[in-house]
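Student: Protein chains in written order, with numbering that gives the first Met the number 0: chain A, 0 to 649; chain B, 0 to 649; chain C, 0 to 649.
Keep in mind that the hints were calculated from the coordinates and are not lab data. The beta-carbon is built from N, C-alpha and C at its ideal position, and this holds for glycine as well. Please note that the accuracy of each hint is not assured.
To be verified - The list that follows gives simulated cross-link-like pairs (lysine-lysine, DSBU-like), each with its CA atoms no further than 30 Å apart:
| id | chain 1 | residue 1 | chain 2 | residue 2 |
| --- | --- | --- | --- | --- |
| 1 | A | Lys400 | A | Lys428 |
| 2 | A | Lys400 | A | Lys567 |
| 3 | C | Lys428 | C | Lys400 |
| 4 | C | Lys567 | C | Lys400 |
| 5 | A | Lys428 | A | Lys567 |
| 6 | B | Lys400 | B | Lys567 |
| 7 | C | Lys278 | A | Lys278 |
| 8 | B | Lys278 | A | Lys278 |
| 9 | B | Lys428 | A | Lys278 |
| 10 | B | Lys400 | B | Lys278 |
| 11 | B | Lys278 | B | Lys428 |
| 12 | A | Lys278 | A | Lys428 |
| 13 | C | Lys278 | A | Lys428 |
| 14 | C | Lys567 | B | Lys278 |
| 15 | B | Lys428 | B | Lys400 |
| 16 | B | Lys278 | C | Lys428 |
| 17 | C | Lys567 | C | Lys428 |
| 18 | C | Lys428 | C | Lys278 |
Unchecked claim - With beta-carbon atoms standing in for the labels, derived distance ranges:
| id | chain 1 | residue 1 | chain 2 | residue 2 | range |
| --- | --- | --- | --- | --- | --- |
| 19 | C | Ala618 | A | Ala473 | 41 to 49 Å |
| 20 | A | Ala257 | B | Ala172 | 43 to 51 Å |
| 21 | A | Glu191 | C | Arg54 | 25 to 33 Å |
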Amino acid sequence: MLGVCYYPEHWPEAWWEEDARRMAALGLTYVRIAEFAWSRIEPDPGRFEWDWLDRAIETLGKAGLKVVMCTPTATPPKWLIDLYPEILPVDPETGRTRGFGSRRHTDFSSPVWHREAMRISTAVAERYGENPYVAGWQTDNELCCHDTAISASPAAHAGFRTWCREQYGDIAALNAAWGNVFWSMEYRSFDEIEMPVGAVTETSPAHRMAWRRYSSDMVVRFHADMIAIIRAHAPGRWVTHNFIPMPETGVDNHALAADLDFAAYDNYPLGRADLALAKSTADEFAPLMRTGHPDFQGILFDQTRGLTGRPFWVMEQQPGPVNWANHNPRPAPGMVRLWSWEAFAHGAAVVSFFRWRQAPYAQEQMHAGLLRPDCTHAEAWPEVEQLHAELSAIDLPAPTKAPVAIIVDHESDWLGQIEQQGRGYNYQKILTAWYGTTRRLGLDVDFVAPGADLAGYAMVLVPALALPTVEAAARLQAADGLVLIGPRSGAKTHDVTIPEGLAPGRLRPLMPIRVLAVETLRPDCPGSIAIGNASYASGLWRETIEPGECTVLGRYEDGAPAVVRHGKVHYLATLVEDAALDAIVAAMATEAGVETTPLNGMLRIRRRGNLTFAINYGAEPAEAPAPEGAEFLLGTRTVAPRDLSIWRAA
Amino acid sequence: MLGVCYYPEHWPEAWWEEDARRMAALGLTYVRIAEFAWSRIEPDPGRFEWDWLDRAIETLGKAGLKVVMCTPTATPPKWLIDLYPEILPVDPETGRTRGFGSRRHTDFSSPVWHREAMRISTAVAERYGENPYVAGWQTDNELCCHDTAISASPAAHAGFRTWCREQYGDIAALNAAWGNVFWSMEYRSFDEIEMPVGAVTETSPAHRMAWRRYSSDMVVRFHADMIAIIRAHAPGRWVTHNFIPMPETGVDNHALAADLDFAAYDNYPLGRADLALAKSTADEFAPLMRTGHPDFQGILFDQTRGLTGRPFWVMEQQPGPVNWANHNPRPAPGMVRLWSWEAFAHGAAVVSFFRWRQAPYAQEQMHAGLLRPDCTHAEAWPEVEQLHAELSAIDLPAPTKAPVAIIVDHESDWLGQIEQQGRGYNYQKILTAWYGTTRRLGLDVDFVAPGADLAGYAMVLVPALALPTVEAAARLQAADGLVLIGPRSGAKTHDVTIPEGLAPGRLRPLMPIRVLAVETLRPDCPGSIAIGNASYASGLWRETIEPGECTVLGRYEDGAPAVVRHGKVHYLATLVEDAALDAIVAAMATEAGVETTPLNGMLRIRRRGNLTFAINYGAEPAEAPAPEGAEFLLGTRTVAPRDLSIWRAA
Amino acid sequence: MLGVCYYPEHWPEAWWEEDARRMAALGLTYVRIAEFAWSRIEPDPGRFEWDWLDRAIETLGKAGLKVVMCTPTATPPKWLIDLYPEILPVDPETGRTRGFGSRRHTDFSSPVWHREAMRISTAVAERYGENPYVAGWQTDNELCCHDTAISASPAAHAGFRTWCREQYGDIAALNAAWGNVFWSMEYRSFDEIEMPVGAVTETSPAHRMAWRRYSSDMVVRFHADMIAIIRAHAPGRWVTHNFIPMPETGVDNHALAADLDFAAYDNYPLGRADLALAKSTADEFAPLMRTGHPDFQGILFDQTRGLTGRPFWVMEQQPGPVNWANHNPRPAPGMVRLWSWEAFAHGAAVVSFFRWRQAPYAQEQMHAGLLRPDCTHAEAWPEVEQLHAELSAIDLPAPTKAPVAIIVDHESDWLGQIEQQGRGYNYQKILTAWYGTTRRLGLDVDFVAPGADLAGYAMVLVPALALPTVEAAARLQAADGLVLIGPRSGAKTHDVTIPEGLAPGRLRPLMPIRVLAVETLRPDCPGSIAIGNASYASGLWRETIEPGECTVLGRYEDGAPAVVRHGKVHYLATLVEDAALDAIVAAMATEAGVETTPLNGMLRIRRRGNLTFAINYGAEPAEAPAPEGAEFLLGTRTVAPRDLSIWRAA
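Just need the whole structure built from these sequences, with the hints factored in.
Tutor: Right, here's the structure in full:
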């Protein structure tokens with residue numbers, strides 16, 4: 000199904016009815032509203048104006064649309080900030096208070112902000128919880144975008160001290176856990192604890208990891224409390240949240256999504272490609288400029304689905320040029336439809352476009368909509384018409400479990416930021432590389448959290464699991480399938496210390512090696528590993544390991560072991576170039592009996608139930624790897640450029 | 000005529016008389032003094048010491064020199080700052096107060112600073128307004144250099160609120176004009192208005208444009224008040240100001256110059272080239288290192304002349320290495336003379352050198368003068384001697400109107416900074432590119448403000464006029480000549496919103512198109528346009544247009560219109576490489592009956608009355624495009640390297 | 000002799016005895032302790048816990064080890080900061096207070112900090128001054144690392160005013176000396192003086208130089224007072240300090256070392272190479288990645304020895320990967336031994352490894368030790384065993400005076416930062432280049448301070464001596480040997496003004512030239528000089544000189560003099576490429592009768608008494624330039640890769 004984001008408060012009320020009629024006529028089912036409307040809902044402290052919103056909902060509902068209602072907490076109004084300036088967050092890098100004038104000018108640690116956010120959420124939920132036109136709820140909007148998970152405010156400082164007390168109980172335990180004796184950093188009480196900001200040189204990794212966990216917990220608590228309010232007032236309605244790319248939240252995303260019915264994602268392929276590939280050469284970038292990278296949407300669709308294990312929404316889908324990347328091209332013709340189909344292939348239930356009509360004012364006036372500011376059709380309109388027609392003709396089966404699980408671990412990401420050790424070390428790039436390998440091999444992937452049940456997966460890939468819990472280690476040990484563990488896994492204890500007996504610490508039962516040393520090399524000065532007759536670059540992270548009883552599968556240029564195996568479990572002691580990963584994972588898949596479909600270039604495939612989707616990001620036609628006699632529901636065996644084919648095996 | 004900048008307070012009084020004698024002997028007419036002398040004029044609060052300055056003026060005047068007197072407001076003394084610390088400006092990027100210790104440590108919004116600046120200006124004007132040796136006045140010094148137009152002080156905050164009230168009358172009008180509903184940014188009163196600094200993410204473009212206008216207005220008001228004081232006390236004397244490069248003031252330069260008799264410019268070709276071309280390759284830069292770029296002086300000479308439409312001064316002319324660029328080479332032999340002649344070719348009345356004698360101390364001790372600190376002749380001395388002799392032999396006619404007008408629009412520049420949309424978008428680079436085209440075609444140019452009368456120009460070039468006023472649109476419509484309008488013109492209303500009916504809004508009567516979409520591409524990944532059989536790169540800004548009844552002259556690679564024409568008016572919907580501009584402007588000139596003189600390499604020509612100047616920045620001789628029988632007043636038909644020829648048509 | 004850094008407070012007391020036994024068994028003589036132990040020595044204000052430290056010292060001493068005791072002032076505990084927050088330093092760039100959480104969170108200008116630092120130093124010195132196991136003392140730890148010499152705190156502001164009063168006596172003298180009239184920067188009293196931070200644009204060079212001197216003086220005073228306390232309580236014990244690389248202290252290093260018995264250096268070749276060569280290409284960097292640059296250790300060994308003129312220590316020697324560079328590779332096999340031998344070749348008395356056992360927690364848990372956290376041997380262990388065996392077999396003679404002196408001048412370095420004039424100007428790079436020339440010629444070097452006695456040196460090299468004192472000029476004039484003076488020498492007076500009569504000011508008696516002008520060129524756009532038939536690049540600094548009665552040895556591309564000679568003294572008026580320096584210095588050595596040994600690639604030689612060491616950083620064997628019949632004490636005539644040979648001339 001399809002949807003759209005709409006802002007009745009941005010347009011003359013006289014336009015609403017015609018807008019609603021056109022939405023329905025376009026085949027849209029859902030319309031999301033009101034996530035930035037606080038100043039219109041409560042224009043003065045305690046004085047609510049509901050009438051306009053009542054009428055907007057009714058107008059939309061009567062046109063046959065289902066409303067997705069939001070809590071407006073992403074944009075508290077000026078009067079609230081003036082009443083309670085302590086709501087404003089503080090930039091941890093500069094110590095400067097981040098002011099009013101845009102959005103997300105709030106501090107998750109602030110008790111006042113928490114109270115006010117829940118107050119407005121309660122008011123909205125009370126008003127519309129049982130409104131017949133409201134089908135479900137979105138909490139807030141893009142939590143933590145613009146780097147707002149972390150604040151260094153006095154409220155955050157106080158909250159962190161309390162959190163530390165709750166975590167460690169007595170200060171001696173904290174000092175011991177963090178190794179505070181190291182530079183006489185010992186505290187005599189929890190009231191002495193500093194935030195790890197603004198020190199002369201780097202603070203302790205344990206200190207910073209605690210700070211990241213605390214900051215994440217504050218967001219999770221905020222979100223959980225808001226969901227509880229909605230559920231209390233909106234019986235029978237689902238609740239979701241529209242995530243920014245998960246790596247950018249600064250939060251434990253699985254915890255953040257824990258109480259949701261399903262997760263949603265805001266999908267902007269071109270903006271994301273422009274920023275993520277900013278250092279790429281023109282030769283690398285030009286083919287992707289108007290399409291995005293063929294794996295960058297899938298990796299987040301799959302992560303979004305993985306947050307709850309249920310079909311997800313794309314709450315905001317880019318419909319044309321955006322305004323916020325370094326450069327903002329038009330999508331290639333057909334891409335708006337193709338990105339949408341790609342979402343459905345990866346298990347989407349709904350794709351909703353951002354936004355109905357381009358705003359003629361304010362920050363996003365250069366951001367395309369389905370309509371131009373003058374109400375004429377923008378470029379994406381006919382693609383949405385086509386998409387609706389196609390969707391109506393195909394019965395999408397429920398998504399099925401993938402053969403491959405990848406463990407995604409926010410704490411490994413944070414560790415890589417806290418203790419990078421080499422400038423080339425980047426957990427998200429590692430995760431993306433591992434995902435890319437699976438996609439080039441035509442493998443479907445489920446992303447799972449550390450500690451998830453791994454039963455039923457033929458293969459489990461662990462790009463890094465640096466601080467494994469007891470549970471996560473046990474789940475890995477209990478995995479049915481072949482396991483590939485990447486470097487730095489088991490590198491640390493919970494408090495970011497080197498495990499007794501050295502790494503991989505808690506993972507040693509799976510992998511009886513010892514990590515003796517680590518080196519990181521300049522990206523342009525790599526060493527190599529040899530696997531069989533092939534040689535591959537290895538440089539950004541290299542562990543010297545004692546292989547114990549493991550079988551050695553690959554070796555460094557000096558002959559030391561670099562890839563080892565113990566039973567079902569493989570360990571890769573170094574970061575390597577993609578070709579090495581491709582070879583290792585392909586060999587594992589063969590052993591595991593998982594069929595691979597090596598794909599070149601810009602074609603990707605994804606299965607949903609008994610359907611297979613072939614998505615062609617390229618400018619040239621591509622041959623679909625469909626079996627003999629496949630029944631094509633969309634497209635043909637030759638997948639047109641920026642097009643897709645869908646088939647059912649014969 | 001020639002002049003020099005002199006600091007009697009820097010030297011023993013015993014030296015003054017000999018200095019004056021040597022200035023006169025060198026052929027200098029004017030001597031500018033006292034712009035940094037506040038601490039010597041008023042060493043303690045309210046206690047003035049005039050005697051030394053009286054004697055200095057008298058010494059200079061008796062030697063036959065005409066004194067240019069200044070208000071010393073660029074450098075208020077420490078005691079003033081200690082008395083009134085609220086005078087200090089606040090950096091909008093960091094929120095840090097910018098302190099005492101150099102210059103321009105003042106806030107144009109501060110009522111205390113305004114009062115004190117006018118107090119000292121009045122004192123100086125009273126003392127010397129009718130002094131017989133004082134020929135004219137310079138206000139302040141290089142207003143707004145070091146990014147001082149904008150301050151985020153409490154005074155600026157208060158002033159901005161007042162200014163908004165004056166501009167919008169009631170707060171609902173402001174909210175509507177700025178689109179503040181967008182992210183619940185609505186204000187309930189003018190007292191709630193924030194400065195657009197320090198917010199979590201970008202603030203509204205309307206908010207930032209208002210802030211830029213406010214900041215500019217404060218500088219203009221300051222300047223106008225100071226000029227009025229001088230005029231009140233100095234009857235019959237002219238008043239000027241020495242501008243930094245106009246793009247760097249952050250101010251509406253035409254408004255800033257409105258009350259002046261003429262404008263002056265401080266010309267530092269090598270420092271400017273080093274900074275502006277910092278990213279150029281060695282091959283590109285080496286030929287310009289000791290000369291500057293052949294268009295970078297002319298574009299500012301022409302803009303300076305355009306500020307008042309009257310002959311201008313070079314108040315400070317670089318005489319040797321400076322101290323403030325990234326690298327500071329010596330000028331090639333002959334360049335000090337050549338830059339001076341170039342100024343006269345573009346309509347200068349006076350060229351004045353900075354400075355008489357190199358200071359042996361303080362910030363600029365590595366900045367050359369006409370004399371070294373030990374009073375010996377520095378390198379430029381013989382060039383000034385030669386220049387004086389040559390000037391004495393040639394009677395310079397009055398400058399005449401050029402055939403081509405270029406509209407220069409500070410608000411388009413600000414918009415490009417506020418809403419860049421693509422990292423490659425830069426109004427000043429666009430303006431420079433359009434000017435370069437005219438200069439390579441041998442066309443003389445007048446820069447005019449939006450809204451200026453365009454009668455009599457055979458061609459009007461509009462690189463960008465993003466927020467046209469009613470008057471500016473009407474003037475363009477009334478233009479006699481052919482008009483070329485560049486992309487983004489008419490893109491916005493006064494309050495930075497998309498016009499009703501889409502761009503080009505107020506310019507639609509001239510150019511009946513609709514701008515449907517805009518994209519910006521990475522500079523290294525351009526698309527193209529085709530005009531006739533030629534293809535040109537197009538990328539940094541590309542508009543999709545509905546051409547209406549226009550003739551299509553050029554098309555994008557996908558066939559969509561990119562260059563169109565409607566009557567006399569051409570519209571270029573995209574930023575293009577120089578060669579495309581050259582072709583378009585050359586064709587227009589042919590149609591307009593304006594003679595072009597295509598010039599290769601480092602030679603440029605400029606007419607003044609019935610004289611033509613050929614200026615050769617190159618290291619090789621160049622052939623002057625002089626007609627048969629031309630009478631050479633200086634040089635010959637072969638223009639020597641780093642030399643010029645002047646001829647009168649036969 | 001060998002030593003190690005040990006932290007008994009980091010480990011269970013039960014481990015100490017075995018640790019001590021193993022240290023002794025490895026052949027270590029010294030063990031440094033307690034420099035970060037304040038929070039364990041004084042866990043609460045005024046409450047000391049000595050017992051654990053008493054026992055640690057006794058355990059080590061009884062195992063036959065000599066203890067190096069430290070003052071723990073690099074890491075004051077949290078309670079001290081909470082009691083006296085004014086101790087914290089203020090970042091001069093941002094104005095932000097630099098907080099607790101790492102180390103060196105102290106302000107040398109703070110009277111409270113000075114009092115507290117001396118109080119704890121007194122307590123420790125009283126307790127252990129006469130302890131029989133304590134052989135000597137280290138003051139503090141790595142003074143001024145993390146850019147802590149300079150603070151912009153209120154205490155620093157007050158101290159600077161007092162210091163200015165002491166230096167200049169009356170304010171008029173200061174105004175005159177600094178040239179404060181220039182931009183009305185004159186002060187009426189010392190109480191008006193600002194710190195040169197946060198101004199609108201650059202402050203006066205004199206102001207900044209005074210600020211650098213003041214900041215340096217505060218560190219020197221702190222250090223001198225601490226040494227005096229130790230000496231008062233520790234009769235007969237030596238006192239040293241472990242320097243970071245001297246260029247990074249921001250202090251007059253000779254003054255800082257003045258009261259020490261000898262200086263020590265902390266030697267981290269790989270971290271240093273990674274940072275210093277960050278902009279090198281992969282081809283340049285890869286051969287050095289696991290060895291460091293062959294001159295980067297020697298230049299600091301020689302400077303460390305030069306601080307006191309006595310054999311020095313390496314107090315901390317890198318034993319494996321570190322944690323703090325951008326990338327942290329493992330040393331090539333053999334390098335830990337080789338770096339240690341190189342230190343002995345350059346006059347080390349002791350090399351001590353950092354650290355005994357890798358810490359499993361806190362900031363440096365990724366920094367290797369001699370043992371891993373699990374007490375097993377890390378990679379360097381067998382190299383230290385070998386080193387101990389070799390040292391035991393060779394009787395090292397006392398270091399002897401070198402034939403070549405290089406004057407190292409911190410004020411020239413500061414001037415280059417304060418008034419860079421060209422972005423390519425960098426005193427430390429110049430110093431490194433001149434040192435590199437001597438090393439490629441096989442010349443041993445002593446670094447001496449300006450004003451040192453130069454008697455007995457065959458050659459004196461002066462890369463830059465920008466602000467020579469009367470004494471320094473006199474010493475140069477009295478030098479026995481040939482002198483080579485580099486550009487910018489004599490450029491300024493004490494107060495950073497151009498000398499009367501122009502540069503080289505006080506050096507004119509040695510070198511009767513006048514510096515008429517200076518230019519700086521972009522590094523990629525150099526000019527050239529010709530010496531004989533050879534041409535060399537010249538660009539980063541180029542002086543136009545009047546050669547007076549000097550002989551001209553080299554000329555710029557335009558024929559102007561660039562290298563001149565007057566008696567024994569040569570003057571190089573420009574910065575040049577290495578090949579030019581090599582040629583000039585080689586010719587001087589020939590004239591001076593100093594034997595050169597031109598060395599290619601990665602081999603270096605160093606003499607110590609009658610022994611010659613050939614150190615091969617390269618991956619290929621190299622031929623030792625040993626005379627016929629040399630007696631090899633270690634290695635052979637063919638020096639193995641990453642190995643050395645030592646011989647005694649026959």
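Student: Is Lys278 (chain B) within 30 Å of Lys278 (chain A), Cα to Cα?
Tutor: 17 Å, holds
Student: Is Lys278 (chain B) within 30 Å of Lys428 (chain B), Cα to Cα?
Tutor: 14 Å, holds
Student: For a C-alpha distance cap of 30 Å, please report whether Lys400 (chain A) and Lys567 (chain A) respect it.
Tutor: OK: Lys400 (chain A) and Lys567 (chain A) at ~21 Å, within 30 Å.
Student: Quickly compare the C-alpha distance for Lys428 (chain B) and Lys278 (chain A) to 30 Å and report which way the hint goes.
Tutor: 23 Å, holds
Student: Below or equal to 30 Å on CA atoms is what counts here, so check Lys400 (chain B) against Lys567 (chain B).
Tutor: 21 Å, holds
Student: So if I understand the rule, the pair passes when the alpha-carbon distance is 30 Å or less; does Lys428 (chain B) with Lys400 (chain B) pass?
Tutor: With Cα atoms ~25 Å apart, Lys428 (chain B) and Lys400 (chain B) stay inside 30 Å; holds.
Student: Are the Cα atoms of Lys428 (chain C) and Lys400 (chain C) separated by 30 Å or less?
Tutor: 25 Å, holds
Student: Hint says 25 to 33 Å; check whether the CB-CB distance for Glu191 (chain A) and Arg54 (chain C) agrees.
Tutor: This hint holds: roughly 28 Å between Cβ atoms.
Student: Between Lys400 (chain A) and Lys428 (chain A), is the straight-line Cα distance small enough, at 30 Å or below?
Tutor: Status holds; Cα separation ~25 Å.
Student: Has the given pair, Lys428 (chain C) with Lys278 (chain C), been kept, meaning a C-alpha gap of at most 30 Å?
Tutor: Roughly 14 Å separates the two Cα atoms, so the pair holds.
Student: Is the gap between the beta carbons of Ala257 (chain A) and Ala172 (chain B) within 43 to 51 Å?
Tutor: 46 Å, holds
Student: Regarding the pair Lys278 (chain A) and Lys428 (chain A), is the alpha-carbon distance no greater than 30 Å?
Tutor: Given pair Lys278 (chain A), Lys428 (chain A) holds - Cα atoms ~14 Å apart, limit 30 Å.
In the structure shown, a violation is registered for the earlier hints numbered 10, 14, in ascending order.
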